[in-house]
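Add chain U to chain L, keeping to what the hints say.
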Amino acid sequence: MMDEGLILLTFAGMGVVTYLPRWLPLRLLAEKRLPAWVESWLDLIPASILSALLLPSLVTGGHPRGLDLTRPELIVAIPTLLFALKTKSLGGTVLFGMALFWLAGRLAA
Amino acid sequence: MNLPSGPSPTEPWSEAVKPGLAAAWPICLGYIPIGVALGVLAQKAGLRPFDAGVMSLLVFAGSAQFIGISMLSAGAGPLSVIMTTFVVNLRHVLMSAALAVHLQGRSKGFLALYAYGVTDESFALNMARFRAEGWNWRRALVVNTASNLAWISATIVGCHAGELIPAGAFGIDYALTAMFICLLVLQMRTRLHILAAAVAGTLAVVLSLLMEGNLYVVIASLAAATICLPRGGGKKITPGERSGA
Numbered sequence: 074m075m076d077e078g079l080i081l082l083t084f085a086g087m088g089v090v091t092y093l094p095r096w097l098p099l100r101l102l103a104e105k106r107l108p109a110w111v112e113s114w115l116d117l118i119p120a121s122i123l124s125a126l127l128l129p130s131l132v133t134g135g136h137p138r139g140l141d142l143t144r145p146e147l148i149v150a151i152p153t154l155l156f157a158l159k160t161k162s163l164g165g166t167v168l169f170g171m172a173l174f175w176l177a178g179r180l181a182a
Numbered sequence: 002m003n004l005p006s007g008p009s010p011t012e013p014w015s016e017a018v019k020p021g022l023a024a025a026w027p028i029c030l031g032y033i034p035i036g037v038a039l040g041v042l043a044q045k046a047g048l049r050p051f052d053a054g055v056m057s058l059l060v061f062a063g064s065a066q067f068i069g070i071s072m073l074s075a076g077a078g079p080l081s082v083i084m085t086t087f088v089v090n091l092r093h094v095l096m097s098a099a100l101a102v103h104l105q106g107r108s109k110g111f112l113a114l115y116a117y118g119v120t121d122e123s124f125a126l127n128m129a130r131f132r133a134e135g136w137n138w139r140r141a142l143v144v145n146t147a148s149n150l151a152w153i154s155a156t157i158v159g160c161h162a163g164e165l166i167p168a169g170a171f172g173i174d175y176a177l178t179a180m181f182i183c184l185l186v187l188q189m190r191t192r193l194h195i196l197a198a199a200v201a202g203t204l205a206v207v208l209s210l211l212m213e214g215n216l217y218v219v220i221a222s223l224a225a226a227t228i229c230l231p232r233g234g235g236k237k238i239t240p241g242e243r244s245g246a
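Read top to bottom, the protein sequences are chains L and U. For the first sequence, the working numbering begins at 74 and goes up steadily by one. For the second sequence, the working numbering begins at 2 and goes up steadily by one.
Incorrect hints may have been included.
Cross-link-like lysine-lysine pairs, in silico, DSSO-like; alpha carbons within 30 Å at most [unchecked claim]:
#1 L:K105 <-> U:K109
#2 L:K161 <-> U:K19
#3 L:K159 <-> U:K109
#4 U:K109 <-> U:K45
Hints in this document: simulated from the structure, not taken from any laboratory.
So here's chain L without its partners, still in its complex pose:
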């Protein structure tokens, strides 16, 4: 590891390049009314991103990444999804998923 000053400087640099992509679109887009097609495009982004973040985390694992359909994350996700569809409750789904995942860990041990 390098010296502490350089490390903190590196962190500051990481902070800047993390902040800019978060700030620029807000700064540029929140001022004006967006064209309708841009709004309907942006409206599809949350569902797309959530799915693109979630699905690989459920069905892939290991180094290097490989397909794995036996992960407890995936198995627990199925009843958790059903629970979410039925209740639409965020807090309830979080607790339900945690409890099942904990149980799955115990059963596997």
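Chain U only, in chain L's frame:
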């Protein structure tokens, strides 16, 4: 503190705190095990708790911080760490663009403050809340701030006492996954949204197997939203025509 107050008919800050915190708890809960794990990693890499806390304050981006610490302890130089961080966090461009729709007309100061707290989790949660009734920009900022504080605290606790905390206790490692599952369900408002999610998820899985890193998130989301955008209503509206829209 000079908090910006726009011309909004919303409640005062003092009344936004409670509902904001009530919404933020799944994120805070989910950040605890990850932040603690980050603290443990930082401590093993030879960082002082102060440095790790400063990192979580300055960067506030989980996966990039894990990668950054691993790279630093493997002897990588500052520039390559910073460039990797940039690529890993590029996905937030899309999130901030989508959030901008709900933050129209807010002051520059507010936007600058808000941008700091845009994470995968706060984005997903606030987008779902903005859709529902009774959400506003003050509450959204409370969610960001609470998440941030949980993240920084968990990092520092992890540095000091990470070994004392049992791994996997109470299924806490699954909190954020379960939250994402429910937030995805809440986003399934029309067939188009379901289609976009299916396309994005499938593309993301395939691409994640083909390429290193996490740029597949951005590529899959961009592609899915573009493919699924209805062509008929997709006419570009120029500024002159806007008033009719």
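Hint check results:
Taken as a hint, the L:K105 and U:K109 pair is honoured in the structure, with Cα atoms around 13 Å apart against an allowance of 30 Å. Using a Cα cut-off of 30 Å, the hinted pair L:K161 and U:K19 holds, with the two alpha carbons roughly 21 Å apart. Using a Cα cut-off of 30 Å, the hinted pair L:K159 and U:K109 is violated, with the two alpha carbons roughly 40 Å apart. Our distance criterion of 30 Å between C-alpha atoms is broken by U:K109 and U:K45, whose separation comes to about 40 Å.
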